[in-house]
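Taken in order, these protein sequences are the chains called A and B. Using the working numbering, the first residue of the first sequence is number -6, and each one after it goes up by one. Using the working numbering, the first residue of the second sequence is number 199, and each one after it goes up by one.
Hints are computed from structural coordinates only; laboratory data are not their basis. Yeah, the Cβ is synthetic: ideal placement off N, Cα and C, and Gly gets one too. Be aware that one or more of the hints could be misleading.
Beta-carbon label-pair distances, calculated as ranges [said to hold, decoys possible]:
#1 A/-3 - B/321: 46 to 54 angstroms
#2 A/6 - B/351: 28 to 36 angstroms
#3 B/360 - A/21: 35 to 43 angstroms
#4 A/6 - B/350: 21 to 29 angstroms
#5 A/6 - B/254: 42 to 50 angstroms
#6 B/322 - A/3: 37 to 45 angstroms
#7 B/302 - A/22: 28 to 36 angstroms
#8 B/364 - A/22: 48 to 56 angstroms
#9 B/306 - A/52: 33 to 41 angstroms
Computed, partial: chain A to chain B, Cβ under 10 angstroms [as the list claims (entries may be wrong)]:
#10 2
#11 4
#12 9
#13 12
#14 22
#15 57
#16 64
#17 69
#18 72
#19 75
#20 76
Taking lysine-lysine pairs in the DSBU-like style, the calculated list, with each CA pair at most 30 angstroms apart, reads [claimed, not checked]:
#21 B/289 - B/308
#22 B/291 - A/3
#23 B/291 - B/308
#24 B/315 - A/3
#25 B/308 - A/3
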Amino acid sequence: MIGRLSIATKIWLGLMALTAVSVAIGEGALLGRLSSVAIIAISAFKARLVMLNYMEANRAPVRWRILYEGWNAAAAGLIIIAYVMSGIPAD
Amino acid sequence: MSHQLDKSRLALNSTMPGTEGIWTFVFIDMLVFLAIFFLFMSERMRLPAVYLASQRQLNEMIGFTNTLILLTSSWSMVEAVHASRRGDAQKVKNFLALTLGLGAVFGANKAFEYYQKFQHGITPASNSFFSLYFFITIVHFLHVIGGMIFIWHCRKDAILCTHDRRYVTQIENVGHFWHYVDVLWIFIFPLLYLVGLK
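Only chain A is shown next, with the shape it has when bound in the complex (with noise of 0.2 angstroms):
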């Protein structure tokens, strides 16, 4: 059944259930302190996904597909970067 879908369908299922999964590990610290790590991370595939297949920046010129890859990349990195580095006190 989910092959007769289309590719936007499929990829709106994809979405909506990694943002359950997130939720999932962020509700129950399901990989410990690399929860938050793991979030941003699915945040920033849910991003590309987004990207590439809705924006359709797969079909623009590459210099605009580079910028928001980029992009993804940068805040994905600094907000996993913050928080490695301040350390959060524990319960």
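Using the hints provided, position chain B relative to the given structure of chain A.
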């Protein structure tokens, strides 16, 4: 029939969806939000206990629901753009109406969330976290409102997709901006509600 086939071939062969202008505008806006994310994380590093305690007062379920709403509205926006490339004005109107409806629900959730905060005496002046929480989400919400105004205009003109190639470019531009609003929230939701949560 062949006229519609030619139109869809034209769309597939075009070098990019939308115009250079929208890609440039969105990218500049992205840089502004990158600076805002940097500011937020800097403050978080400066006041880790305040940020952790304040984050726990947020309602993750509202944030989670709003994420699902915006993701679904991005899907309906894609379907509207595809329909415009096929020259199907009715489908364009239907999918844009769905996108607008979802945007309205997002807004209602936001309003309720802010109301809850104010009821608990939490305002933008409460502390650094809540200053940035309100600033980031209000600026994002202004983008949502702007997007909805453009979508509404696109819906009014949907009949143009049956014969005017420029309409397809117009709805691609509006769609591009709406997907950007979605991408922003994809980062804002975990940044405010999930990162560091135990």
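Item to complete: Provide an ascending list of the numbers of those earlier hints which the structure does not satisfy.
Response: 3, 5, 24
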